[in-house]
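**Student:** Here the protein sequences line up with chains A and B, keeping their order.
If you count by the working numbering, then the first sequence holds residues 1 to 204, one letter each, in order.
If you count by the working numbering, then the second sequence holds residues 1 to 163, one letter each, in order.
Any given hint might turn out to be false.
Okay, the calculated bits of chain A under chain B, using three or more residues with CB under 8 Å as the criterion [unchecked claim]:
1) 75-85
2) 106-120
3) 180-186
Dumping the calculated SDA-like pairs for lysine to any residue here, alpha-carbon to alpha-carbon at most 20 Å [to be verified]:
4) A/167 - A/203
5) A/153 - B/92
6) B/153 - A/15
7) B/87 - A/152
8) B/57 - A/130
9) B/87 - A/155
10) B/57 - A/186
11) B/158 - A/187
12) B/57 - A/181
13) B/153 - A/13
14) B/87 - A/163
15) B/155 - A/6
16) B/155 - A/9
17) B/87 - A/107
18) B/57 - A/73
19) B/57 - A/119
20) B/96 - A/150
21) B/87 - A/148
22) B/57 - A/180
23) A/153 - A/130
24) B/87 - A/158
25) B/153 - A/9
From chain A, some residues computed to sit far from chain B (all C-beta separations above 12 Å) [as the list claims (entries may be wrong)]:
26) 29
27) 52
28) 56
No lab work stands behind these hints, which were simulated from the structure alone.
Virtual Cβ for every residue (Gly too), placed ideally from N, Cα, C.
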Amino acid sequence: MRLHEYRVLFIVAIGILTLLVASPALSRLLVPPRTEFFTELWILDSNLRAEDFPFNITRNQNYSVFLGIGNRLGYCAYYLVEVKFRNQTQPAPTSFGPPTNRTPSSLPALFNITAFVADETVWETPLTFSFDYGFNETLSQVEFYNLTLNNVKVDMSGYTITWDSEKGGFFGYLFFELWIFNATTSISQYHERFVGLRFNMTVY
Amino acid sequence: MNSVSVLKFSFVLMIFLVFASQFYVSVTSAQVSQNEASSALTSAEESVVSAYQAVSKAEESGANVSSLLVRLNDAGWFLARAHMAYKSGDFDSALKFATQSQEKLNGFVADADALMKTAIREHYLDFMVNVVGSIIGAIGVICVGFIVWSFLKRKYEKAGSMV
Numbered sequence: 001m002r003l004h005e006y007r008v009l010f011i012v013a014i015g016i017l018t019l020l021v022a023s024p025a026l027s028r029l030l031v032p033p034r035t036e037f038f039t040e041l042w043i044l045d046s047n048l049r050a051e052d053f054p055f056n057i058t059r060n061q062n063y064s065v066f067l068g069i070g071n072r073l074g075y076c077a078y079y080l081v082e083v084k085f086r087n088q089t090q091p092a093p094t095s096f097g098p099p100t101n102r103t104p105s106s107l108p109a110l111f112n113i114t115a116f117v118a119d120e121t122v123w124e125t126p127l128t129f130s131f132d133y134g135f136n137e138t139l140s141q142v143e144f145y146n147l148t149l150n151n152v153k154v155d156m157s158g159y160t161i162t163w164d165s166e167k168g169g170f171f172g173y174l175f176f177e178l179w180i181f182n183a184t185t186s187i188s189q190y191h192e193r194f195v196g197l198r199f200n201m202t203v204y
Numbered sequence: 001m002n003s004v005s006v007l008k009f010s011f012v013l014m015i016f017l018v019f020a021s022q023f024y025v026s027v028t029s030a031q032v033s034q035n036e037a038s039s040a041l042t043s044a045e046e047s048v049v050s051a052y053q054a055v056s057k058a059e060e061s062g063a064n065v066s067s068l069l070v071r072l073n074d075a076g077w078f079l080a081r082a083h084m085a086y087k088s089g090d091f092d093s094a095l096k097f098a099t100q101s102q103e104k105l106n107g108f109v110a111d112a113d114a115l116m117k118t119a120i121r122e123h124y125l126d127f128m129v130n131v132v133g134s135i136i137g138a139i140g141v142i143c144v145g146f147i148v149w150s151f152l153k154r155k156y157e158k159a160g161s162m163v
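Isolated chain A (complex conformation):
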């Protein structure tokens, strides 16, 4: 029996056993650091898909979508979603280009939704909405009265849409701007992203 012949085998066996015993520590110590921190914002249809969004809107009829936020910021975030509505000529928010060029719409928010989302988790909520509006034949424009969002009635007086002769319809946009609460300054800042739905408000 020559012990030298088993030396390498013995070292390998001890090495494997050492790695096995050290694996709980290694699994915690050898974790690659996270380098990308961001937020996801999405809107899905009533079947949780991105294919059947409401487009042709009828007065006082309910429509459902899902609004979702995915937090990958590395900390629990306090988000604020500003629900706004605009016609073709009113200012839209921006979410592309250099950060300084990404701005929210200057329109007032109809409603605010707060969402507290833990790191690496997703927050999703169903939104059911309907529009109450009428057609002003004299001015040939759609005039809004109310938006009902999740059984909360929001005043929309003053909101109008004129006929788009190019595309042939009364087009409006319901959009959701994402804001984030800054704990240092204690104010909410535009988080440089938004999602929205384009509607054709049918009048007959």
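Based on these hints, arrange chain B on the given structure of chain A.
**Tutor:** Only chain B this time, still in chain A's reference frame:
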């Protein structure tokens, strides 16, 4: 004749004062309600921010804050409704929703602190068992291996010299 006109004047004045006093009372109560709603909104906002800070700390220490976030999201929903009601001049609803928001957060900071302390304890235990324990275990395996190898080597040399 004079006494009749004085009577008439007094009667008209009385009616006017009764109406004016009602108007004064309603305006005053509306203002009080607005002030109340405004201060309730401010304190509800402060409660939400403190709750958020508490939950952030708890999450940072590794606590599972999902149940706390459900409560915080409920409070946030009521706060949003309170803001909307206040904006539309419905101060009674604003006050009601602001109060509901605060009620949702009763004892929230204490719960978050308790979760944070539990998480710190569990994190310490986890670190001691899984990191320190397994490193000591690995060093132990190497040492035992070395001792076993030395023992076998000595035994082998002894057997060799005897032959």
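**Student:** Take the hints in turn and mark each one as holding or not.
**Tutor:** Hint by hint, here is what the structure shows:
As drawn, the segment 75-85 of chain A meets chain B at 3 residues by the rule of a beta-carbon pair under 8 Å; at three or more, the given contact holds. Counting residues of the segment 106-120 of chain A whose beta carbon lies closer than 8 Å to any beta carbon of chain B gives 9, which meets the minimum of three for the stated coverage. Counting residues of the segment 180-186 of chain A whose beta-carbon sits less than 8 Å from any beta-carbon of chain B gives 3, enough to reach three: the coverage restraint holds. A C-alpha spacing of about 16 Å is found between residue 167 of chain A and residue 203 of chain A, which places the hinted pair at or below 20 Å, so the restraint holds.
For the hint pairing residue 153 of chain A with residue 92 of chain B, the CA-to-CA distance comes to about 16 Å; that is within 20 Å, so the pair holds. Under the criterion of a C-alpha separation no larger than 20 Å, the hint pairing residue 153 of chain B with residue 15 of chain A is consistent with the structure, at around 19 Å. Restraint check: the Cα-Cα separation between residue 87 of chain B and residue 152 of chain A comes to about 14 Å, which is no more than 20 Å; the hinted pair holds. The hinted pair formed by residue 57 of chain B and residue 130 of chain A fails the criterion: a straight-line CA distance of about 39 Å is larger than 20 Å.
Using a Cα cut-off of 20 Å, the hinted pair residue 87 of chain B and residue 155 of chain A holds, with the two alpha carbons roughly 10 Å apart. As the CA atoms of residue 57 of chain B and residue 186 of chain A are separated by approximately 16 Å, the hinted pair is consistent with the 20 Å bound. A threshold of 20 Å between alpha carbons decides the hint, and for residue 158 of chain B with residue 187 of chain A the separation of about 80 Å lies outside it, so the pair is violated. Between the alpha carbons of residue 57 of chain B and residue 181 of chain A the distance comes to roughly 15 Å, so the proposed pair stays at or under 20 Å and holds.
Among the hinted pairs, residue 153 of chain B with residue 13 of chain A is consistent with the structure: their alpha-carbon atoms are about 17 Å apart, no more than 20 Å. For the proposed pair residue 87 of chain B and residue 163 of chain A, the alpha carbon gap of about 31 Å is over 20 Å, so the pair is violated. Pair hint residue 155 of chain B plus residue 6 of chain A holds up; C-alpha atoms about 14 Å apart against a cutoff of 20 Å. At most 20 Å may separate the alpha-carbon atoms for a hinted pair to count; residue 155 of chain B and residue 9 of chain A meet this at roughly 18 Å.
Restraint check: the Cα-Cα separation between residue 87 of chain B and residue 107 of chain A comes to about 15 Å, which is no more than 20 Å; the hinted pair holds. With a CA separation close to 15 Å, the supplied pair residue 57 of chain B and residue 73 of chain A stays within the 20 Å bound. Distance restraint check for residue 57 of chain B and residue 119 of chain A: the Cα-Cα separation of roughly 12 Å lies within the 20 Å cut-off, and the hinted pair is therefore satisfied. As the CA atoms of residue 96 of chain B and residue 150 of chain A are separated by approximately 18 Å, the hinted pair is consistent with the 20 Å bound.
For the hint pairing residue 87 of chain B with residue 148 of chain A, the CA-to-CA distance comes to about 16 Å; that is within 20 Å, so the pair holds. Using a Cα cut-off of 20 Å, the hinted pair residue 57 of chain B and residue 180 of chain A holds, with the two alpha carbons roughly 18 Å apart. For the proposed pair residue 153 of chain A and residue 130 of chain A, the alpha carbon gap of about 9 Å is at most 20 Å, so the pair holds. Distance check on the hinted pair: residue 87 of chain B and residue 158 of chain A sit about 16 Å apart at the alpha-carbon level, within 20 Å; holds.
Taking the CA atoms of residue 153 of chain B and residue 9 of chain A, the gap is near 14 Å; set against the 20 Å cutoff, the hint holds. A beta-carbon of chain B is positioned within 12 Å of the beta-carbon of residue 29 of chain A; the least distance is around 7 Å. With a cut of 12 Å on Cβ distances, residue 52 of chain A stays outside the contact zone with chain B, its closest approach being about 27 Å. Interface exclusion of residue 56 of chain A from chain B stands, the closest Cβ pair being 28 Å apart, more than 12 Å.
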